[in-house]
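**Student:** Construct all of the structure, not just a fragment, from the sequences and the given hints.
4 protein chains.
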Amino acid sequence: MKGKKIFDIFIQILIVISLISFSMETLPNLSPLFTKILNILEFIIVMIFTLEYIVRVITSKNKIKFIFSFFGLIDLIAILPFYLTMNIDLRAVRTFRLFRLFRMFKLLRYSKAIERFKNAFYVAKEELILFFIITIMILFVSSVGIYYFEYQAQPDTFSSVFHSLWWAVATLTTVGYGDIAPITVGGKIFTFIVLMVGLGVVAVPAGLISSALSKVRFDENNNKEEINE
Amino acid sequence: MKGKKIFDIFIQILIVISLISFSMETLPNLSPLFTKILNILEFIIVMIFTLEYIVRVITSKNKIKFIFSFFGLIDLIAILPFYLTMNIDLRAVRTFRLFRLFRMFKLLRYSKAIERFKNAFYVAKEELILFFIITIMILFVSSVGIYYFEYQAQPDTFSSVFHSLWWAVATLTTVGYGDIAPITVGGKIFTFIVLMVGLGVVAVPAGLISSALSKVRFDENNNKEEINE
Amino acid sequence: MKGKKIFDIFIQILIVISLISFSMETLPNLSPLFTKILNILEFIIVMIFTLEYIVRVITSKNKIKFIFSFFGLIDLIAILPFYLTMNIDLRAVRTFRLFRLFRMFKLLRYSKAIERFKNAFYVAKEELILFFIITIMILFVSSVGIYYFEYQAQPDTFSSVFHSLWWAVATLTTVGYGDIAPITVGGKIFTFIVLMVGLGVVAVPAGLISSALSKVRFDENNNKEEINE
Amino acid sequence: MKGKKIFDIFIQILIVISLISFSMETLPNLSPLFTKILNILEFIIVMIFTLEYIVRVITSKNKIKFIFSFFGLIDLIAILPFYLTMNIDLRAVRTFRLFRLFRMFKLLRYSKAIERFKNAFYVAKEELILFFIITIMILFVSSVGIYYFEYQAQPDTFSSVFHSLWWAVATLTTVGYGDIAPITVGGKIFTFIVLMVGLGVVAVPAGLISSALSKVRFDENNNKEEINE
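Residue numbers (this note's numbering), protein chains in the order written: chain A, 1 to 229; chain B, 230 to 458; chain C, 459 to 687; chain D, 688 to 916.
A few of these clues could be false.
[Claimed, not checked] Heads up, simulated SDA-like pairs for lysine to any residue below, C-alpha to C-alpha not over 20 Å straight-line:
{"hint": "1", "chain 1": "D", "residue 1": "LYS911", "chain 2": "C", "residue 2": "GLU584"}
{"hint": "2", "chain 1": "A", "residue 1": "LYS118", "chain 2": "D", "residue 2": "LEU815"}
{"hint": "3", "chain 1": "B", "residue 1": "LYS265", "chain 2": "A", "residue 2": "SER160"}
{"hint": "4", "chain 1": "B", "residue 1": "LYS453", "chain 2": "A", "residue 2": "GLU126"}
{"hint": "5", "chain 1": "D", "residue 1": "LYS805", "chain 2": "C", "residue 2": "LEU588"}
No wet-lab data here; the hints were simulated from the structure. Since this is a predicted model, take the numbers as computed values, not measurements.
**Tutor:** Written as structure tokens, this is what we have:
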């Protein structure tokens, strides 16, 4: 059992290294030597992941079921792009590289806590969907409103409802990049009203998830006690 | 009953298409062909909504009551502007177009979850109003304070209490566009104090709504259980 | 009793008008006529507030106690500056005008809901103070840290720990004006760590207040039921 | 017992003075006189802290245990740098000065409320770690995504996944400095999706801590009542 645990941690570290190396390849002005090291590293990682995949297929009771399971497919996607792009010229490779990001999902196999998180989402599902719809509606009304207030004054930045939507997203999430902001008195008063109404809505999902998480943990503890009694 | 459901979904899709087409009309540099397509689309949508309205009036038991009900009026406002602006020159049409936004409220007819949201608002009503008043007071005091600190240093951006109010809104909601920020030491210290006090207040409504939502769901579940027993 | 209610609302409206007129006086480029109107308005409001104060003193059972009570002093501060600055030249008046802001507190007399808010603050008092201290500590550590990372690269904006404190306030409250931001790799990584730790702390007070409010309302309802039983 | 309390408050004030003086040394353009005053102040404070440390070692029952305890080590680190850098040239001193920041932790000795805070962290520990990992994953996916959308349009600001990570941190924490923002349509739509998903996750820890704090206080009250009964 201990050997299994060390193997699991080894695979997890490999996944993280693989993701970091993926990110490093995007760095500008990489020296040819460093690129080569990254390529060799990638080759080694893919070899190990391939071995892991083969072992998992062989040792699973229902081979077909494993191959088409979520984690079976993830394991395949994590190595397939490498083999597919081996003999293709370099330009097509670029988009394929994004698939290496799927390796991240291999990490989920090792997290038990993710189960509780999934349950919390399930508990708050209805409200989350409702809030998503309400958020979309508030964003849409905000966009149309600010468009009508600011279009005359800033035809370049608020040039359509879609351009205003970008402002609405940046404002109601309170990110506020500052690349687009109202300058008319009407637009500013409208922004004030939108924020007063919208803030109370956009920030609610976080509250829903955190209270759902408390509920899930509370239920888990109760179940444990019932079993113990 | 199944035909009714398909009809409902059909109307909902039409509403969304209508809102997207409304947004698209605001795009700059539309080709004449695309404008024509949007106009034809608008014509078709209004025809269907008119038909829907007539059917709803005919099939309702109390015709007068339906016409003056919330959804009856929304249905009317969703189509009326089209007929009123048919023979008028183009300039006056612009403001009327905004009424097409009311079609969004037609969507509310289909959402049962909105009921729970309304109940949650009702539960937290008193606190929400209180927090709205306190927020207004904090915004006002912040505006006056920053005006006195920054007016000398930045007479153009903090030129009156009303101009400072824009800063207070952007700061206390943490949007922070960056178009207006204190530069004096006094103004910065004042901002720090305002944020320490204000953040704890401005972000409270979201917490109130999310806890009210939990309460409403809890009560619903209890009621169901009581009925079942 | 009804006359009392109308009088109360009348006073409340006067307070709001007084605060708006106070704000309007700060507007640049006011016409002499408008300034005169504001002055006359201020004169009328002070006269009514003076009358209100005299009536309150006369009708109160314990005159001395009322005069030195919170609302008695607020009522006095709301009118005193006007009489004190009547014969003084205009320059000294400016600072005195700020006292007119105290009229806002006259509004508190009419709010019963503020009581619940006060109770909620009392319930969460200890945690709020603790979080205030922790926030100060996090802000301080962030300032010192970013100063050491960014001082070399941006000696003008991060010129001392106190200048960095302004960055820490703007960042940890997520306002992010953008007038001061890290540019070095070390500074950016440090900002990331600070935000991961700090966000979870700075946003807590709002959660504390909203859960305390729920508790206060819950207790109130229980007390009512106990009395009814 | 009263003398002990006065001594405690005296030490606390000294710590705060020491931290302020530490910050003041970083101010640019300090006069030689002021630098001298700060140096003398630092000398006096270190002397008192040294005395405090010696007294604490002598009066503690288990001397070795105290010296290697958390607070024993903090007390030592608070004074050691001063003695170590006394005879060294000025350049090496700079990094050592940072250790004076550790004096802040001396303050923790006096706070009982910090215990409750620690318990709250313990209650929510698992979720906090989970959310930390999820936050890292969301930040990483956001960085890779925005890199692929914006790299072509802004090769200088989004020049690698690591540069994009800075954008992801500033955006998902809603700080939004504005020094780096998407300009392509794809990048803006991606930002919208990332914010919708991410905001609900990044803001959850604050909710977890505040609800854990409520639970800890609730348990404390229950324990007290049980003891009283």
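**Student:** Take the hints in turn and mark each one as holding or not.
**Tutor:** Outcome of the hint check:
1. D:LYS911 - C:GLU584: holds, 17 Å
2. A:LYS118 - D:LEU815: holds, 15 Å
3. B:LYS265 - A:SER160: holds, 18 Å
4. B:LYS453 - A:GLU126: Holds. LYS453 of chain B to GLU126 of chain A sits at ~17 Å (cutoff 20 Å).
5. D:LYS805 - C:LEU588: The given pair, whose Cα atoms are some 12 Å apart, holds under the 20 Å limit.
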